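Participant: What follows is the residue order along each chain.
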Amino acid sequence: MALQSLDILRRSASPTAAPQARNPLEVAKLIDVSVCIGCKACQVACSEWNELRDDVGSCVGVYDNPTDLSAQAWTVMRFNEVEQPDVSGGKLEWLIRKDGCMHCADPGCLKACPSPGAIIQYKNGIVDFHQENCIGCGYCVSGCPFNVPRINPKDNKAYKCNLCSDRVAVGQEPACVKTCPTGAIQFGSKEDMQEVAAKRVTDLKSRGYDNAGLYDPQGVGGTHVMYVLHHADKPELYNNLPKDPAISTTVSLWKGLLKPVATLGIAAAGLFGFFHYITVGPNRAEDEHEAEEEVTK
Amino acid sequence: MKEQLIQRYNAAERINHWVVAVCFILLAISGLAFFYPAFFWLTGVFGTPQLARIVHPFVGVVMFIAFARQFFRYWHHNLVTSEDVKWMKSVKEVMKGNEVGDIGRYNGGQKGMFWVMVGCMALLLISGVIAWRPYFALYFPIPLIRVALLVHAASALVLIASIIVHVYAALWVQGTIRAMVEGVVTHAWARKHHPKWFREMTGKES
Chain A
0 MALQSLDILR RSASPTAAPQ ARNPLEVAKL IDVSVCIGCK ACQVACSEWN
50 ELRDDVGSCV GVYDNPTDLS AQAWTVMRFN EVEQPDVSGG KLEWLIRKDG
100 CMHCADPGCL KACPSPGAII QYKNGIVDFH QENCIGCGYC VSGCPFNVPR
150 INPKDNKAYK CNLCSDRVAV GQEPACVKTC PTGAIQFGSK EDMQEVAAKR
200 VTDLKSRGYD NAGLYDPQGV GGTHVMYVLH HADKPELYNN LPKDPAISTT
250 VSLWKGLLKP VATLGIAAAG LFGFFHYITV GPNRAEDEHE AEEEVTK
Chain B
0 MKEQLIQRYN AAERINHWVV AVCFILLAIS GLAFFYPAFF WLTGVFGTPQ
50 LARIVHPFVG VVMFIAFARQ FFRYWHHNLV TSEDVKWMKS VKEVMKGNEV
100 GDIGRYNGGQ KGMFWVMVGC MALLLISGVI AWRPYFALYF PIPLIRVALL
150 VHAASALVLI ASIIVHVYAA LWVQGTIRAM VEGVVTHAWA RKHHPKWFRE
200 MTGKES
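In the order they appear, the protein sequences are chains A and B.
For the first sequence, numbering that gives the first Met the number 0 assigns the number 0 to the initial residue and increments by one for each residue that follows.
For the second sequence, numbering that gives the first Met the number 0 assigns the number 0 to the initial residue and increments by one for each residue that follows.
These aren't lab readings, by the way, just hints derived from the structure by calculation.
Incorrect hints may have been included.
What the hints assert, rightly or not - Heads up, incomplete: computed chain B residues facing chain A, CB under 8 Å, no partners named:
| id | residue |
| --- | --- |
| 1 | 96 |
| 2 | 99 |
| 3 | 164 |
What the hints assert, rightly or not - To be clear about the criterion: a stretch of chain A counts as covered by chain B if any three or more of its residues have a C-beta under 8 Å from a C-beta of chain B, and this derived list gives those stretches:
| id | stretch |
| --- | --- |
| 4 | 42–54 |
| 5 | 113–124 |
| 6 | 141–154 |
| 7 | 188–199 |
| 8 | 230–236 |
| 9 | 277–284 |
Quick caveat: nothing in here was measured; it's all calculated off a predicted structure.
Ideal placement from N, C-alpha and C gives every residue a C-beta, glycine not left out.
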């Protein structure tokens with residue numbers, strides 16, 4: 000079900016344009032990693048609002064729980080202890096990142112999806128999965144540069160954060176934003192969030208984090224979930240956040256160049272056969288030898 | 000006079016061929032549906048889109064097993080010789096309907112087709128298993144699955160184009176379809192298109 004109040008920019012596997020007369024504001028969620036205390040209230044709010052309940056896990060020696068995203072966990076906190084000489088002079092830093100869908104402006108999942116309308120990109124920037132159209136092929140998993148979508152083993156459909164598109168459609172902020180006790184997660188227009196981030200980056204720089212910056216990777220056209228990082232020069236420190244994410248060349252070839260090449264190849268084979276037949280004509284074995292044999296007998 | 004016939008394919012070989020052919024048609028239709036968004040409706044060949052996604056790989060395995068049987072039947076008939084190279088180089092002449100060289104059971108084009116099919120089938124099986132959800136894909140890293148998806152689509156398209164040529168060749172050279180339906184060809188057919196094979200089968204001069 001497409002939310003009618005959020006017009007559609009792109010629809011998976013749809014060769015013609017989606018309805019897009021209306022012009023909603025482009026939104027963004029800003030996650031200020033430097034303010035996050037790792038309380039996981041966002042995880043709980045997400046699971047409450049979306050009525051998701053992941054299995055109770057077990058302690059694996061770190062705070063990560065659940066340990067990975069799943070169809071029942073659309074956001075998870077990733078905890079990393081970093082102690083590197085070239086990062087803050089080698090003192091221990093506890094870097095916590097709320098992981099989940101980045102809502103790319105150029106979504107790899109949508110590009111890879113073969114099922115019309117299973118993935119929708121609203122004009123406000125939200126990338127939403129419509130599971131009723133999902134066929135469970137997992138192409139979105141391969142298309143995503145951030146390793147976010149997860150297939151639910153129970154129904155073989157793909158799930159991920161939808162930035163609470165249902166809440167945003169009625170003018171509310173996502174559940175994780177509403178619940179965050181430190182204000183580490185903020186929500187608003189993308190422009191406003193960039194301004195807020197700029198102020199935070201200036202502040203962090205004044206406090207010694209020279210490489211502080213905004214994570215809004217242009218390789219995927221920018222994202223609608225952005226991070227303020229104290230070490231924006233090294234996003235990998237935050238549980239391997241990719242430094243320069245982009246849709247994989249393999250996926251681009253598969254979903255791009257291969258299509259016209261294939262169309263030409265198949266059409267050429269078919270047309271060649273047709274025109275060959277109507278010009279050269281069928282290749283018949285004449286019966287002359289058999290006739291001769293008859294004579295010599 | 001009564002037609003003189005030679006047995007070219009026995010019943011087991013014919014059944015084997017048509018199992019592969021029917022699987023191929025179903026796979027090509029559903030595969031093209033996944034490849035071309037505008038033809039997604041072709042998933043209807045298996046009922047619903049999700050059913051098509053679920054059934055496609057199983058049909059693929061059936062096709063591969065049946066094709067493997069064909070491979071072991073025919074590989075030794077498809078070793079390329081200098082006569083075949085001559086045929087391939089003179090393909091223009093062949094296209095005009097003129098025979099080139101002293102052809103045995105298969106000509107250079109048929110042998111080339113055989114090995115293209117073998118290559119495509121092998122690539123399709125390997126890449127298909129790697130990308131197969133929910134059973135196998137989770138054991139492979141995402142970058143490898145991406146390569147598998149590209150290879151699967153590309154080799155499928157090469158196979159589809161090749162099969163179009165394969166089917167056309169059988170239609171063009173009249174009397175060929177009969178070999179795979181009734182199992183027989185006429186002496187005239189064999190003498191014209193496969194003179195060496197004709198001599199081997201009948202002991203007659205071609």
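Participant: If you take the shortest Cβ to Cβ gap from residue 164 of chain B to chain A, is it below 8 Å?
Facilitator: Constraint on residue 164 of chain B satisfied, holds at 6 Å.
Participant: With a cut-off of 8 Å between beta carbons, are at least three residues of the stretch 230–236 of chain A near chain B?
Facilitator: violated (count 0)
Participant: For the stretch 42–54 of chain A, do at least 3 residues have a Cβ located nearer than 8 Å to some Cβ of chain B?
Facilitator: Three-residue rule not met by the stretch 42–54 of chain A, so violated; n is 0.
Participant: Go check the stretch 277–284 of chain A versus chain B for me, would you? Three or more residues, Cβ under 8 Å, otherwise it fails.
Facilitator: Since 6 is at least three, the answer is holds.
Participant: If you look at each residue in the stretch 188–199 of chain A, do at least three have a Cβ nearer than 8 Å to any Cβ of chain B?
Facilitator: n = 0 at 8 Å, threshold three: violated.
Participant: Double-check residue 96 of chain B for me: the hint is only fine if its C-beta lies closer than 8 Å to a C-beta in chain A.
Facilitator: holds (5 Å)
Participant: Please count how many residues of the stretch 113–124 of chain A have a CB within 8 Å of a CB from chain B and say whether that reaches 3.
Facilitator: This one holds; 3 residues, not fewer than the three required, reach chain B with a Cβ under 8 Å.
Participant: Given residue 99 of chain B was flagged as interface, is its beta-carbon under 8 Å from a beta-carbon of chain A?
Facilitator: violated (13 Å)
Participant: Count residues of the stretch 141–154 of chain A with a Cβ under 8 Å from any Cβ of chain B, then say if the count reaches three.
Facilitator: holds (count 4)
Violated hints for the displayed structure, listed by number in ascending order: 2, 4, 7 and 8.
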